[in-house]
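Build the full structure now, drawing on both the sequences and the hints.
In case you want the letters, here they are:
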Amino acid sequence: MKNGINKKAVVAMSGGVDSSVAAALLKRSGFDVAGVFIKFWKDGKSAENSCCSVESEKMARLVAKKIGIPFYVINAEKEFKKKVVDYFLSEYKKGNTPNPCVVCNKEIKFGILIEKALKMGADYIATGHYARISSLSLRGRSEATDEAIQSYRLPRRPYRIFDLRAPRNDIYFKLHKGKDKEKDQSYFLWQLRQNQLKHVLFPVGNYTKPEVRELAEKFDLPSAETPESQEVCFVQNSTNEFLKKYLKTKPGKIIELKDVRHPAGRRTSPKAFGQHQGLHFYTIGQRKGLEIPQGPWYVVAKDFKNNNLIVSKDEKDLMQKELIAKNVNWISGKELKLPIKIEVKIRYRSNLADAVLYSKYTLNSAGAKIRVYKIVFDKPQKAVTSGQSVVFYKGKELLGGGVIFYRVKRV
Amino acid sequence: MKRIYLDYAATTPVDPRVSKTMEPFLSENFGNTMSLHSFGQEAKIVLEESREKLAGVINANPNEIIFTSSATESNNLALKGSALASKKGHIIISSIEHHCVVESAKWLAKNGFEITEISVDKFGKVNPEDIKKAITEKTILVSVIHASNEIGTIQPITEIGKICKEKNVLFHTDASQSFGKILIDVKKMNIDLLTASSHKIYGPKGAGLLYIREGINIAPLLHGGGQENGLRSSTVNVGAIAGFAAAAEIYKKEGKKENQKLIKLRDKLIKELLKIKGSHLNGDPKKRLPNNVNVRFDFVEGESLVIQLDMHGIACSTGSACSSATLEPSHVLLATGLKPEQAHGSLRITLGRWTTEKDINYLLKVLPKIVKKIREISPFK
Chain U
1005 MKNGINKKAV
1015 VAMSGGVDSS
1025 VAAALLKRSG
1035 FDVAGVFIKF
1045 WKDGKSAENS
1055 CCSVESEKMA
1065 RLVAKKIGIP
1075 FYVINAEKEF
1085 KKKVVDYFLS
1095 EYKKGNTPNP
1105 CVVCNKEIKF
1115 GILIEKALKM
1125 GADYIATGHY
1135 ARISSLSLRG
1145 RSEATDEAIQ
1155 SYRLPRRPYR
1165 IFDLRAPRND
1175 IYFKLHKGKD
1185 KEKDQSYFLW
1195 QLRQNQLKHV
1205 LFPVGNYTKP
1215 EVRELAEKFD
1225 LPSAETPESQ
1235 EVCFVQNSTN
1245 EFLKKYLKTK
1255 PGKIIELKDV
1265 RHPAGRRTSP
1275 KAFGQHQGLH
1285 FYTIGQRKGL
1295 EIPQGPWYVV
1305 AKDFKNNNLI
1315 VSKDEKDLMQ
1325 KELIAKNVNW
1335 ISGKELKLPI
1345 KIEVKIRYRS
1355 NLADAVLYSK
1365 YTLNSAGAKI
1375 RVYKIVFDKP
1385 QKAVTSGQSV
1395 VFYKGKELLG
1405 GGVIFYRVKR
1415 V
Chain P
-18 MKRIYLDYAA
-8 TTPVDPRVSK
2 TMEPFLSENF
12 GNTMSLHSFG
22 QEAKIVLEES
32 REKLAGVINA
42 NPNEIIFTSS
52 ATESNNLALK
62 GSALASKKGH
72 IIISSIEHHC
82 VVESAKWLAK
92 NGFEITEISV
102 DKFGKVNPED
112 IKKAITEKTI
122 LVSVIHASNE
132 IGTIQPITEI
142 GKICKEKNVL
152 FHTDASQSFG
162 KILIDVKKMN
172 IDLLTASSHK
182 IYGPKGAGLL
192 YIREGINIAP
202 LLHGGGQENG
212 LRSSTVNVGA
222 IAGFAAAAEI
232 YKKEGKKENQ
242 KLIKLRDKLI
252 KELLKIKGSH
262 LNGDPKKRLP
272 NNVNVRFDFV
282 EGESLVIQLD
292 MHGIACSTGS
302 ACSSATLEPS
312 HVLLATGLKP
322 EQAHGSLRIT
332 LGRWTTEKDI
342 NYLLKVLPKI
352 VKKIREISPF
362 K
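For the protein sequence lines, the chains are U and P, in the order given. Heads up, the first sequence is in the working numbering, so the first residue is 1005 and it goes up one at a time. Heads up, the second sequence is in the working numbering, so the first residue is -18 and it goes up one at a time.
These are computed hints drawn from the structure, not numbers from a lab.
Result set (PhoX-like, lysine-lysine): computed pairs, CA atoms no more than 25 Å apart in a straight line: (1) Lys1275/U to Lys1309/U; (2) Lys1012/U to Lys350/P; (3) Lys1098/U to Lys1309/U; (4) Lys353/P to Lys1012/U; (5) Lys1012/U to Lys354/P; (6) Lys320/P to Lys1082/U; (7) Lys1085/U to Lys320/P; (8) Lys1292/U to Lys1098/U; (9) Lys1087/U to Lys320/P; (10) Lys186/P to Lys1062/U; (11) Lys1222/U to Lys1070/U; (12) Lys(-17)/P to Lys1012/U; (13) Lys1069/U to Lys1012/U.
What follows is the structure in structure tokens.
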């Protein structure tokens, strides 16, 4: 705390290029910076005390040394297993396709880690996410509005990290997409709350990935050339192998959709024309790996009650007009006036779709009235998958999001 | 930033006088102790002189000292070596042993030996009567740590040794933290096997010893050239051993005065830290190592304390350095009856040769503020 800014930031360093550059930018902006590496749980650890991510830890430590900041390793294996991995498995068990990164951000990176960072004496926690935060005064005078995000653009020299958002109670924070449209990771951050956002910095949010790589080279960071991370971080090989290991999977019948939707409600026993390996292994919209003749076939539904995989040749059968979302979080902390016209993303890699968001009451399995949200698309959307996040946007701003509960009304 | 080292129980810097002793062993006196020529002979002489010096520290005969690479190796050799020599049987350890004893015992349990763990009181002390009761006809070995690496409690090993002698059972003590620092007489204390380490007493890393009372039969773990009486094959690390001996000699000369200084600083530190609201001392208030302070603060995690102190240039730890990478609460603190969250809230501060009153004052200036700040954030959700 011997520099101009007099603020301390803890950077979650994974050993990758994004968080490395985040740490370097903060340091160059005059923050008092410390790096932490969080040890996550990983499947198939060979021996006790040996960690999956020895290489990443080593890289993060090297980068910290290069930048000249203290570096600490925090072990969150237990919490990660409980909050992220167990959730992941239980969702698959229920027939959903979860987003573990969303939960990890909420519970680990911006949960446990914020708490630990504050206890380490930090004012902020920073990560290498491609997203942006702005602040807004509730006392009428706007301190930094949407337009001002543009002015956050870091000048080439000196490296400055936007405004110093004082963690004050009369200011609220907005979450925005990252500058890089391709890399934008705001989708995974919809569960953040105001009391988390006020402690968060995204130093690379105002850069594109190529710019970040350029900076890494310029700063001579050893992680400049680390590859993009892929897949779910805690599985050893593939998600399917992981699921096979931890879930009981039962092979069953593959059935054509038109046989299930029998006219006049007559129930005939539907014709099986293939075998599936266990419903958990299939995703809505999947085309490859079905191993049935005269394709292409699409997975359009999973019937867990009868252990049937429902397929169709018609891509239209994948289209949905609406969906129901639950566990909705509003970034502002307050629900917006409904109904509202928004843009939604139903998967990390899906395009934005225009839609209207309504509030709706429904009955839960116990017969109690619960409030959910209905999203009606302007144009039908393909392969809406339960368990995935549906994230609400208005322009560049992320308003909130929820978890896709079930799909309603086929076209 | 000036850095203050207060983690002498984890390891110590090599005393400059010790480094000086060690200098010739890299390129001048580099011989292999097993060689017949003059180079070998010179090395052998240093080895045997060192053995003599170190034996003298604990009133042992030189031929009762086996050099190893570390205290972990010595403890492994003591437990596994005596177990393997008798093929089967029962072994008693305390619940506050170092990991290398605990894990060796676990391995033996997996391999057909019976293990009993003796619990301790709230100060971490073993009741010798409990050991007496636990000894059966099958018991071959009792192993109790002399002084706890975590909470500093000194065990009544003379009494335990006496019981073992009466019952005709081997008695091993891990004296890694106490060797050189506290007076040990293996004969008076009825010790059959004793582990000591060089890097805890301002000697180099890579040298340890196991005292094995004459006439005791233990099986080697390393087989090969037959060094160290066939009990520890491997080319002998003469330089490190010479350093180990030099370090012990310094202690012999200066230990008394050094302990007086450490006790004074320790007691001041404890007294002042206990003035912080919601603070407690772990371990025995009186029977503890001269350099050990272990305290806990309600609602404060030790990990946060260690990191914040590090940011202020002060190095200490939550407990054993070997387990600081895991999230498990210290088994030693749990054994003293603490709840896991209390164990997580503990801070170990260990003083040493170069600790000054100024260092302690700086710590006392910084730590209470950190505790207060962490408590303010504590209910964060």
